[in-house]
Amino acid sequence: MKALKWLDDHFEESILVILLVVISCVSLIQVIIRNIPWIPSLQWAEEFCRFCWIWSVFISLPYTIRKGNMLRVSVLLDLLSGFLRKVINILVDLVTTGSMALLAVYSVTVVKNVMSSGEASPAMLWPMWIVYIVMLIGFALGTVRGLQQAVIHVIHFREKELTTLEQTMQDAAEEAELAKGEKGAGE
Amino acid sequence: MAALLVFIVFLVAIAVSVPIGISMILGSAAPIFLMDKGGSIAQLLNNAFSGANSTPILAVPLFILGGVIMAEGGISKKLFNFFAYFVGRLPGGVPCAVVMTCLFYGAISGSGPATTAAVGSMCIPFMVSLGYERRWSAGLIAVAGGLGVIIPPSIPFVLYSLATGVSTGDLFLGGVFPGILIGLFLMAYAVIYCVRKGEDRTLINQKMSELKGQGLGKLFLESFWALLCPVIVLGGIYSGMFTPTEAACVSVFYALVVSLFIYKSIKVEDLVPFLCSSVKTYGGLAFVLAFATAFGRVLSLTKATKIVENFILDNFHSSFTVLTVLVIIFLILGMVMDTGPAIIILAPVLLPAVQNLGVDPVHFGVILVCCLSIGLATPPFGLDLFVAGNLSEEPPMAVARRAVPFIIAFLIALVLITYIPWFSMALVNML
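Sequence lines, in order, name chains Z and W. Position 87, counted from 1, in the first sequence is what the working numbering calls 87; the numbers after and before it change by one each time, with no gaps. Position 29, counted from 1, in the second sequence is what the working numbering calls 29; the numbers after and before it change by one each time, with no gaps.
What the hints contain is simulated information worked out from the structure, not anything from laboratory work. Please read these numbers as outputs of a predicted model, since none were measured by experiment. A couple of the hints might just be wrong.
Stated by the list, open to error - BS3-like, lysine-lysine: derived pairs with alpha carbons at most 27 Å apart: (1) LYS2/Z x LYS67/Z; (2) LYS280/W x LYS5/Z; (3) LYS112/Z x LYS86/Z; (4) LYS212/W x LYS37/W; (5) LYS67/Z x LYS112/Z; (6) LYS280/W x LYS86/Z; (7) LYS112/Z x LYS5/Z; (8) LYS2/Z x LYS280/W; (9) LYS197/W x LYS212/W; (10) LYS212/W x LYS280/W; (11) LYS37/W x LYS112/Z; (12) LYS267/W x LYS37/W; (13) LYS160/Z x LYS264/W; (14) LYS160/Z x LYS5/Z; (15) LYS280/W x LYS67/Z; (16) LYS218/W x LYS197/W; (17) LYS86/Z x LYS5/Z; (18) LYS267/W x LYS280/W.
Use the sequences and the hints to build the structure in full.
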């Protein structure tokens, strides 16, 4: 149960963090090597980092859906009553889930096409479906996370939900808190 | 017709608070399903994939991570002391040193709210202890923090470059003078205010003497590593030693080495929270950024881009009028929409038309970023205001009222930047 909770909170996050570390380190090595004249530059590094980023892009979908921090414009929503706001939020969850499911279905075809074409990456000669498959994974996980959000929003329907303004306030407080910590360290 | 459908579906979805990424999916899928136009879903996915498959994009997560690490380094205080050493004794000198700190700190962190938080947490209490009004100090910080995204290295410029293909290096150069100009206007207002209101000179001079006592050498050494960071990043790009993406990568490790070993302000175990906070910052942006390529393809397939271009060219005949209208639209958008998506969506649609009217792409990018960044300090949603309000423990709206003169000073500078392309183009043309 505890493991499940951890996965729920941090599964996509930990993948993203690992990818970020890998991207940073590999590009550092690449920069260094490129600037040393007598060592041939790393052809694979740039491609490898790009592939890591593609993975990050599609894994970031379920991550942001679950954390509820997809970028959105909610000015009009804030003008509505709490009840309507919650109803719309649940509808938005369902629209998100639907879009993810639609793209997941179509990405099966895309991945299949890439697999049968046997396309390989130019530098590392990896089969390209290894990269493309993350679309399917991302959209499928996105569908699951979207549905999960909808269910959570329905279950917690009676609880108070923050408006964007209150959410901004909270984010700002966190930002300020971090900065205060820094001040202590700086002195 | 198909173009209209894309726009309507997309805008309605945005208005009812569907996330921007999902709104793009809906907008691009609508003509495919309803009118059998605009390609196929498989093409859409392939385009999204190639949108993600780009090396320049990597600069975004890396600059964000570098900024997060550097912001923890206690650098804002060191920078402030350095500038206060020179101008602290002049009338209005302390607030001016704050603005300069924001200018330079922005060059390090590249994010508005982060600049506000880092500089404000140190400067607001300090200014209050010198007798400046608390709300006024917070208002100053809220607006000056916006300078962070104009002075390079700046993430919004990287995004604009991704969306339009304009060189990141040129945009970075284009931002330098406008950033300084805005800084000068904010400082001018601060000086006028201080002269009229009067300052507690004895208290300030006493503090400044303490600072002088430390000696320029020590202050310079302390701030040296922070001052060097933008020099390395920009110098590296312009000397051709590294690409913007590589510069972003260098900034991560530079910040890491300086914070870990020189300032000793962070520990190795702090790194995981930094990584998480970076992931959180770009998480919302990553997919929007990739799918924007697919959305852009749909817009041009359905001739939507062409329609916007013709509309602008038919109704406006000079760059002067079109820029005026666009600046007003951008200012309003900046209040309600995140800077990143606004740039990615607007830039490619509007650029062809304004370019046709003789506006340089770099100049247009600078205008766009300046307009959107003031949104960060504009009530009711400006995040910088909330950060400054929180730091000063004052209600954000009270801070907002005191920020209004600063916003006006910013707007005057914006007018100059918009109508005198020289500010944005001088350095680009020179190098």
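Status of each hint after checking the structure:
At most 27 Å may separate the alpha-carbon atoms for a hinted pair to count; LYS2/Z and LYS67/Z meet this at roughly 19 Å. Restraint check: the Cα-Cα separation between LYS280/W and LYS5/Z comes to about 19 Å, which is no more than 27 Å; the hinted pair holds. Taken as a hint, the LYS112/Z and LYS86/Z pair is broken in the structure, with Cα atoms around 39 Å apart against an allowance of 27 Å. Of the pairs offered as hints, the one joining LYS212/W and LYS37/W is violated, with about 70 Å between alpha carbons and a cut-off of 27 Å exceeded.
Only pairs whose Cα atoms come within 27 Å are accepted, and LYS67/Z paired with LYS112/Z is rejected, the gap being roughly 31 Å. For the hint linking LYS280/W to LYS86/Z, the alpha-carbon distance of about 24 Å falls within 27 Å, and the restraint holds. For the proposed pair LYS112/Z and LYS5/Z, the alpha carbon gap of about 33 Å is over 27 Å, so the pair is violated. Straight-line distance between C-alpha atoms of LYS2/Z and LYS280/W comes to about 23 Å, which keeps the hinted pair within the 27 Å bound.
Under the criterion of a C-alpha separation no larger than 27 Å, the hint pairing LYS197/W with LYS212/W is consistent with the structure, at around 26 Å. At most 27 Å may separate the alpha-carbon atoms for a hinted pair to count; LYS212/W and LYS280/W exceed this at roughly 41 Å. Restraint check for LYS37/W and LYS112/Z: satisfied, since their Cα atoms lie roughly 24 Å apart, inside the 27 Å limit. Simply put, LYS267/W and LYS37/W have alpha-carbon atoms about 55 Å apart, too far for the 27 Å limit, and the pair is violated.
Taken as a hint, the LYS160/Z and LYS264/W pair is broken in the structure, with Cα atoms around 43 Å apart against an allowance of 27 Å. For the suggested pair LYS160/Z and LYS5/Z, the alpha carbons sit about 23 Å apart, so the restraint of at most 27 Å is met. About 9 Å separates the Cα atoms of LYS280/W and LYS67/Z, which keeps this hinted pair within 27 Å; it holds. For the hint pairing LYS218/W with LYS197/W, the CA-to-CA distance comes to about 33 Å; that exceeds 27 Å, so the pair is violated.
The hinted pair formed by LYS86/Z and LYS5/Z meets the criterion: a straight-line CA distance of about 25 Å does not exceed 27 Å. Restraint check for LYS267/W and LYS280/W: the C-alpha separation of about 21 Å stays at or below 27 Å, so the hint holds.
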